[in-house]
Amino acid sequence: NAGVTQTPKFQVLKTGQSMTLQCAQDMNHEYMSWYRQDPGMGLRLIHYSVGAGITDQGEVPNGYNVSRSTTEDFPLRLLSAAPSQTSVYFCASSYSVRAGRLHNSPLHFGNGTRLTVT
Amino acid sequence: QQQVKQSPQSLIVQKGGIPIINCAYENTAFDYFPWYQQFPGKGPALLIAIRPDVSEKKEGRFTISFNKSAKQFSLHIMDSQPGDSATYFCAASKETSGSRLTFGEGTQLTVNP
Chain A
1 NAGVTQTPKF QVLKTGQSMT LQCAQDMNHE YMSWYRQDPG MGLRLIHYSV GAGITDQGEV
61 PNGYNVSRST TEDFPLRLLS AAPSQTSVYF CASSYSVRAG RLHNSPLHFG NGTRLTVT
Chain B
1 QQQVKQSPQS LIVQKGGIPI INCAYENTAF DYFPWYQQFP GKGPALLIAI RPDVSEKKEG
61 RFTISFNKSA KQFSLHIMDS QPGDSATYFC AASKETSGSR LTFGEGTQLT VNP
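Heads up: the protein sequence lines correspond to chains A and B, in order.
Take 1 as the starting number for the first sequence in the working numbering and just add one per residue.
Take 1 as the starting number for the second sequence in the working numbering and just add one per residue.
Some hints here could point you the wrong way.
As the list claims (entries may be wrong) - Using 30 Å as the maximum straight-line C-alpha spacing, the simulated DSBU-like pairs for lysine-lysine come out as follows:
1) K68(B) to K94(B)
2) K94(B) to K58(B)
3) K57(B) to K68(B)
4) K42(B) to K14(A)
5) K58(B) to K15(B)
6) K9(A) to K42(B)
In short, the hints are calculated from the structure, not lab data.
Chain A on its own, in the form it takes in the complex (with noise of 0.2 Å):
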């Protein structure tokens, strides 16, 4: 039982490249979320998914597409890579979505993907 799986673990770009950040879960998580943390800021919601084919945008969206075409996976993309997209970016988990149903199950967490835009 591997978790929350995040690749890679570091990732320099340069202005204008793209990429594919990747993230997994094997705990048949119906919630998946991306977020990224900065210092002084927290961390703020950048896209999240309710089920496979159901995504939905979070607080910071803007520059970032996701897809989930499966329970397990939900990968984060980049199509244009700015410096201001530096970040450490978090994958997070969770069992239930559905409003009044456990919604305060708790989140679980990848150990994180450090990106560099030059």
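Mind docking chain B on chain A? Use the hints.
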């Protein structure tokens, strides 16, 4: 607009001290308030959580105090240890948003031996 504001940004205490981290929220619809602990190079992990129907919750050396009228909640760490050195995040969510959490800015705690 930061819906959950956390202070202080950093905190240094001696071993055995009682660090206190404070959070304030704006949205009265929030009804779940967890704290997450993050060690360097790792993702955050749930530490303790509280619902607004109680004013205090204890788990081991960690206590959440909750003041619904003031829209504030705080984390107290009793008999702090060097191993408690980490970044702590408060967060909040509401029933209608499901698993979506809004996080505070984080507090970097250092416990000196």
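Cross-check of the supplied hints:
1. As the CA atoms of K68(B) and K94(B) are separated by approximately 14 Å, the hinted pair is consistent with the 30 Å bound.
2. Our distance criterion of 30 Å between C-alpha atoms is met by K94(B) and K58(B), whose separation comes to about 22 Å.
3. For the suggested pair K57(B) and K68(B), the alpha carbons sit about 14 Å apart, so the restraint of at most 30 Å is met.
4. The suggested pairing of K42(B) with K14(A) holds, with an alpha-carbon distance near 25 Å, which does not exceed 30 Å.
5. A distance of roughly 20 Å separates the Cα atoms of K58(B) and K15(B); the hinted pair therefore holds under the 30 Å criterion.
6. Between K9(A) and K42(B) the alpha-carbon distance is near 11 Å, which keeps this suggested pair within the 30 Å criterion.
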